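Trainee: The residues making up each chain are set out below.
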Amino acid sequence: MTSLIAYWQRLSGHRRFAWITAGFIILLGLVLTYRRFFIGLGDVTNLTDEFPWGFWIAFDVVGGVALAAGGFTLCFLVYIFGYHRYHSIVRPTVLTAFLGYILVAVGLLYDLGKYYNIWHPIVMWNPHSVMFEVAWCVILYLTVLFLEFLPVVLEKFNLIAPLRFMQKLTIPIVLMGVILSTLHQSSLGSVFLIVPNKLHPLWYTPILPLLFFLSAVMVGPAIVILESSLSARLFHRGLETPILADLARFLQVALLVYVAVKIQDLFVRGVVGELFTGEYEAYHFMGEMLCLFFAFVILAFRKLRTNQRWLFTAATLVGLGVVYNRMNVAWIGMLRGTGASYYPAWTELATSAFLITVGMVAFYFIAKFFPIFPELEEEHSHA
Amino acid sequence: MDGPASILLDFTLCIGCGACEDACQEEHNLPADPPEDRLDYRNYTVVLKKDDQYYRKMCMHCEEPTCASVCPVAALIKTEEGPVIYHPDKCIGCRYCMMACPFGIPAYEWHKPIPVIRKCIMCNERVSAGKQTACAWVCPVGACRFGPREKMLAIAKRRIAQFPDRYVDYIYGEKEVGGTSVLMLSGTPFEDLGFRMDLGEQALPELTWTVMSKIPNIVITGGILLGGISWIIQRRMDIEKENLSALDEHIKNQEKGGDA
Ligand code: SF4
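Order-wise, the sequence lines are chains D and H. Reading the first sequence from the start, the letters are residues 61 to 443 in my numbering. Reading the second sequence from the start, the letters are residues 211 to 470 in my numbering.
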């Protein structure tokens with residue numbers, strides 16, 4: 061206790077404020093959790109029969125999975141394509157992806173009416189259902205992420221023999237991870253293929269799975285950039301600037317591909333006119349594209365690209381653009397077709413904030429006590 | 211019965227007595243005081259009125275039900291007899307069925323800690339015992355008839371042909387999303403009654419199946435491709451390393467030689 065107080069006194073004002081805010085959000089989240097599970101979904105959400113999926117699905121699940129894409133893009137580059145100089149950021153990225161997926165799974169538990177049946181897809185099959193595919197992907201990919209993270213734990217406790225064994229398995233595990241992510245990211249797009257009459261034509265397209273996949277590939281490096289920069293500040297570490305510059309190039313290419321496919325799709329389906337109707341859908345679509353456009357402009361200039369602040373901004377914009385897109389597909393674009401007037405209750409927003417806060421606190425502690433960052437490891441061994 | 215069961219609703223005959231609603235509540239032990247203007251967790255069917263036309267809303271029991279195709283655990287299935295039924299014990303409560311239903315039928319118990327999906331199950335027990343649905347059995351004027359789909363369709367066509375002034379020339383459910391087991395006749399255009407006319411004739415499950423059926427291919431091709439790539443690149447790097455160390459060796463030897 062005394063050491064805790066001493067610790068508190070050593071903290072800067074900023075950090076104290078952050079901890080107090082986190083504590084408040086977590087307390088509130090616990091109350092909401094009680095209300096959700098003991099009173100019902102209706103008590104904390106604005107969901108209705110007309111609009112059965114809301115903010116939790118749009119943001120926590122569909123958006124969350126996209127943001128967890130950093131793991132698979134980076135593992136792909138490092139292990140499959142042999143970009144071993146990125147090695148130093150693999151661990152924090154895998155950790156983020158792992159925590160991200162756990163959050164998605166927990167978010168799903170909050171949203172499922174009969175959450176205790178969440179394991180049912182393992183034994184009750186319906187291969188025709190995209191949701192069945194999604195469920196399997198989440199289960200398998202969580203396992204893979206766990207295996208990818210396991211060496212960190214083994215290393216911490218100096219278990220050399222199993223560590224050797226795990227290292228031999230690295231490539232197959234990574235391969236599985238990449239394939240599962242591909243399926244999973246795209247399948248979240250496929251989920252919406254079944255609502256051609258409800259989803260607005262700006263977003264409903266037969267290539268939804270492809271668009272979801274491409275945008276996940278794009279947001280992957282953006283997340284890695286964000287996360288390295290943030291943890292550099294949080295843990296006072298140096299930034300892997302050359303690596304980030306590389307990632308920026310990669311991000312730029314992925315962004316171009318995604319936007320090109322997306323715009324071409326509008327033309328192919330002949331719905332470009334929908335952009336100029338002056339309806340709210342058009343504005344939201346442009347909003348999502350504008351985020352990407354500004355990011356593209358920043359990335360286009362070498363001066364900006366190599367500047368830490370600007371790169372951070374560009375990566376943030378890409379992340380925003382993708383989350384915006386997911387919200388549009390799962391929420392905004394569904395309003396007119398369903399005739400519903402859904403907007404999230406503050407309790408829905410607060411619950412999401414709660415889950416994210418718990419995730420960040422978990423990341424902080426794991427990064428502090430496990431060998432996640434190479435330089436901190438040195439400190440560990442010195443201590 | 212010959213062929214899967216179906217229900218023919220003739221709105222022009224309906225007198226709005228609500229006997230079908232009551233029979234349904236009783237048959238399925240539904241909560242008292244259901245809403246009178248819409249479907250929710252308290253009722254499986256509802257009789258509504260627009261201008262002078264009574265009409266009914268209920269599950270359409272699609273030939274290829276979207277809800278059953280999207281349910282990850284097959285809690286909703288179409289039986290051979292025709293009804294689309296629901297197993298609450300299997301259900302995980304993802305509500306994908308509600309999302310996907312083109313007719314917006316399944317309702318949820320939002321107010322309960324452990325909610326289940328509620329929708330008409332075409333009196334599955336009665337039907338498999340060879341009886342009519344409760345609503346068809348109780349209807350005093352034959353506005354709701356029960357029988358094999360082929361037969362109901364024939365009756366509907368005959369009525370339209372015989373009384374072209376009485377009916378709009380359309381059988382709702384004949385072709386909607388691949389055809390439904392509930393068929394409807396009306397004197398007022400269906401769109402005026404709030405029925406969607408833009409659903410198309412394609413069964414929606416096909417939309418996803420075209421993608422889903424490619425998955426095994428993606429996994430196998432992708433696995434081989436990625437595995438191959440990583441092997442080649444790894445191999446190259448190893449060779450390069452060997453070359454480098456050989457070069458090192460060589461240089462060292464030379465230096466040694468130079469020293470001597
Ligand atoms: S809510 Fe239940 S019945 Fe509906 S799709 Fe999900 S698991 Fe199936």
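Any given hint might turn out to be false.
A few chain D residues that face chain H, going by a derived Cβ cut-off under 10 Å, partial list only [unchecked claim]:
id, residue
1, Thr105
2, Phe192
3, Leu253
4, Ser289
5, Met394
None of these hints come from the bench; they were simulated from the model. Note that the structure is a prediction, hence the values are computed from the model and not measured. Heads up, the beta-carbon is just placed ideally off N, CA and C, and yes, glycines get one too.
Trainee: Next step is simple, just say for each hint if it's right about the structure.
Mentor: Each hint tested on the structure:
{"no.": "1", "hint": "Thr105", "result": "8 Å, holds"}
{"no.": "2", "hint": "Phe192", "result": "4 Å, holds"}
{"no.": "3", "hint": "Leu253", "result": "5 Å, holds"}
{"no.": "4", "hint": "Ser289", "result": "29 Å, violated"}
{"no.": "5", "hint": "Met394", "result": "8 Å, holds"}
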